[in-house]
Amino acid sequence: MKSLLSQHHFLADPANQLQVLHESIELGVPPFEEKLKLANAYPLRAKQVEILQINVGKMCNQTCKHCHVDAGPDRHEIMTKETMAYCLQAVEKYHIPIVDITGGAPEMNPHFRWLVESAAALGAHIMVRCNLTIILANKKYHDLPEFYRKHQVEVIASLPFYSADRTDKQRGQGVFTQSIKALQMLNAVGYGQPESGLILNLVYNPAGAFLPASQAELQATYQQVLWEEYRIRFNQLFVITNMPISRYLEYLLATGNYENYMLKLVQSFNPSAIHGLMCRNTLSVSWEGYLYDCDFNQMLDLPIRSQAGHHISQFSPELLNQREIVIHQHCYGCTAGAGSSCGGQIVKS
Amino acid sequence: MSNTSHYYNAHDLAKFNEIGSFQPSLAEKFFAYYGEVFQDGALTAREKALIALAVAHAVQCPYCIDAYTTESYSKGWNEAQMMEAVHVAAAIRGGASLVHSVQMMNKVKEIAM
Chain A
1 MKSLLSQHHF LADPANQLQV LHESIELGVP PFEEKLKLAN AYPLRAKQVE
51 ILQINVGKMC NQTCKHCHVD AGPDRHEIMT KETMAYCLQA VEKYHIPIVD
101 ITGGAPEMNP HFRWLVESAA ALGAHIMVRC NLTIILANKK YHDLPEFYRK
151 HQVEVIASLP FYSADRTDKQ RGQGVFTQSI KALQMLNAVG YGQPESGLIL
201 NLVYNPAGAF LPASQAELQA TYQQVLWEEY RIRFNQLFVI TNMPISRYLE
251 YLLATGNYEN YMLKLVQSFN PSAIHGLMCR NTLSVSWEGY LYDCDFNQML
301 DLPIRSQAGH HISQFSPELL NQREIVIHQH CYGCTAGAGS SCGGQIVKS
Chain B
1001 MSNTSHYYNA HDLAKFNEIG SFQPSLAEKF FAYYGEVFQD GALTAREKAL
1051 IALAVAHAVQ CPYCIDAYTT ESYSKGWNEA QMMEAVHVAA AIRGGASLVH
1101 SVQMMNKVKE IAM
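Order-wise, the sequence lines are chains A and B. Numbering follows our numbering, with no gaps: position 98 of the first sequence is 98. Start counting at 1 in the second sequence, then tack on 1000, and there's your number in our numbering.
What the hints contain is simulated information worked out from the structure, not anything from laboratory work. Note that this is a predicted model, so its numbers are computed, not measured. From the three backbone atoms N, C-alpha and C, an ideal C-beta is built for every residue, glycine too. Please note that the accuracy of each hint is not assured.
Distance ranges between label pairs, derived from CB positions [said to hold, decoys possible]:
{"id": "1", "chain 1": "A", "residue 1": "His151", "chain 2": "B", "residue 2": "Gln1081", "range": "38 to 44 Å"}
{"id": "2", "chain 1": "A", "residue 1": "Thr255", "chain 2": "B", "residue 2": "Gln1039", "range": "31 to 37 Å"}
{"id": "3", "chain 1": "B", "residue 1": "Tyr1034", "chain 2": "A", "residue 2": "Glu318", "range": "47 to 53 Å"}
{"id": "4", "chain 1": "A", "residue 1": "Ala308", "chain 2": "B", "residue 2": "Tyr1008", "range": "40 to 46 Å"}
{"id": "5", "chain 1": "B", "residue 1": "His1087", "chain 2": "A", "residue 2": "Thr255", "range": "24 to 30 Å"}
{"id": "6", "chain 1": "B", "residue 1": "Glu1028", "chain 2": "A", "residue 2": "Lys93", "range": "53 to 59 Å"}
{"id": "7", "chain 1": "A", "residue 1": "Asn257", "chain 2": "B", "residue 2": "Gln1060", "range": "46 to 52 Å"}
{"id": "8", "chain 1": "B", "residue 1": "Gly1041", "chain 2": "A", "residue 2": "Lys140", "range": "50 to 56 Å"}
{"id": "9", "chain 1": "B", "residue 1": "Glu1047", "chain 2": "A", "residue 2": "Glu50", "range": "37 to 43 Å"}
{"id": "10", "chain 1": "A", "residue 1": "Gly123", "chain 2": "B", "residue 2": "Ala1080", "range": "49 to 55 Å"}
{"id": "11", "chain 1": "B", "residue 1": "Gly1035", "chain 2": "A", "residue 2": "Gln314", "range": "46 to 52 Å"}
{"id": "12", "chain 1": "B", "residue 1": "Gly1035", "chain 2": "A", "residue 2": "Tyr42", "range": "25 to 31 Å"}
{"id": "13", "chain 1": "B", "residue 1": "Phe1022", "chain 2": "A", "residue 2": "His22", "range": "31 to 37 Å"}
{"id": "14", "chain 1": "B", "residue 1": "Asn1078", "chain 2": "A", "residue 2": "His22", "range": "32 to 38 Å"}
A short list of chain A residues far from chain B (calculated; beta carbon distances all over 12 Å) [unchecked claim]:
{"id": "15", "residue": "Gly174"}
{"id": "16", "residue": "Gln178"}
{"id": "17", "residue": "Val266"}
{"id": "18", "residue": "Leu320"}
{"id": "19", "residue": "Glu324"}
Computed list of lysine-lysine pairs in BS3-like fashion (alpha-carbon distance at most 25 Å, straight line) [as the list claims (entries may be wrong)]:
{"id": "20", "chain 1": "A", "residue 1": "Lys65", "chain 2": "A", "residue 2": "Lys181"}
{"id": "21", "chain 1": "A", "residue 1": "Lys65", "chain 2": "A", "residue 2": "Lys264"}
{"id": "22", "chain 1": "A", "residue 1": "Lys139", "chain 2": "A", "residue 2": "Lys81"}
{"id": "23", "chain 1": "A", "residue 1": "Lys348", "chain 2": "B", "residue 2": "Lys1048"}
{"id": "24", "chain 1": "A", "residue 1": "Lys47", "chain 2": "A", "residue 2": "Lys35"}
{"id": "25", "chain 1": "A", "residue 1": "Lys81", "chain 2": "A", "residue 2": "Lys140"}
{"id": "26", "chain 1": "B", "residue 1": "Lys1048", "chain 2": "A", "residue 2": "Lys264"}
{"id": "27", "chain 1": "A", "residue 1": "Lys37", "chain 2": "B", "residue 2": "Lys1015"}
{"id": "28", "chain 1": "A", "residue 1": "Lys264", "chain 2": "B", "residue 2": "Lys1107"}
{"id": "29", "chain 1": "A", "residue 1": "Lys35", "chain 2": "B", "residue 2": "Lys1107"}
{"id": "30", "chain 1": "A", "residue 1": "Lys93", "chain 2": "A", "residue 2": "Lys47"}
{"id": "31", "chain 1": "A", "residue 1": "Lys181", "chain 2": "A", "residue 2": "Lys140"}
Excised from the complex, chain A in its bound form (with noise of 0.2 Å):
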């Protein structure tokens, strides 16, 4: 499978992506600004950046059929050092607590380890989001859950079920495989172990045109599968809504679930899922730099509304405190139901 930029698909163009995404409004889907007004929470606005969440590129040896990133091997656009530099300045003389590392498949860049050791250097909290894969695909991957270990990074590991077929379905053949002996060699170091202080978090998103169900629930379902088929732990699990941007939004559209799709969020609209989105704490960085509100507007071209600068070597989080965030249709993927978050479901049941 390729990336749709490498097919030179329409929806590889994040212009093409806002208008199929605006016309939603024809299909019954009020726009997002006025759900936004019904709940007094218009315009939405950014509270003190807690998150510095660093896309380090699109490239990744997986290419998913959900990817909002469009990110796969044939994708070589990755972070430089020295704007990872620039993310670290901003890290160290605003003291931001959270590091939030992402792809494509970030272990893939060649700074990436600098960059995880620098961070760590400053003290911040690393989260990588890990597609697990990648440990097994090179020999120089092998000793990843080590360096994880050593810098005691937070892995935010993608498992979208917990069975081969739905797995496979959407990461490739054979994922599923790969991804159980990766989370035991995560396992073998400390990862998700009572007491060991190594946190291992896993990821859940719909294999296909749903919602997810309850994050308690399905947790529960994998604690008990994971442990009693391959001895795995883990400690959360986070539920996330697909985002109708990118790979997803063309599945939808291929397979003719995309009006239905929306008509649900709309229909699941949740507001006191507001208050928690991820937007409102987090500064998405894109591997050339510029800032945005969360990774979804980074693809689709939709750059923070700021009087500062739009770049990182700009940083300056008096000017980006109270910034109205930039919304669209695809908005509702975060506020349906129990909402959704890059730290799984907004509203803990």
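Given chain A, put chain B in place with the hints provided.
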């Protein structure tokens, strides 16, 4: 008589809560009860979704089949488990017909020489 070309419309499922516009107080009580039934209890919400899927097939409600197929799948039940649940419904429906044949046999014995 309504001038619609068919009796079932997939979009009507989303209008279920609108039944309250004709009789609010009973609808309110029904939806409160409905919501409570599907909470975790002695059975989990996950188990209840699979039961609802089987019952949906027994009562042959296309709205319910639509809703509880999605609900069961999203709660992690797989295709084989969902089909087995439907077979349970089918077995009970078939058995319900066949067990009445005892009544037929009894009647035959009553009237036959």
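task = Mind listing which of the numbered hints don't hold for this structure, in increasing order?
result = 4, 7, 17, 28 and 29
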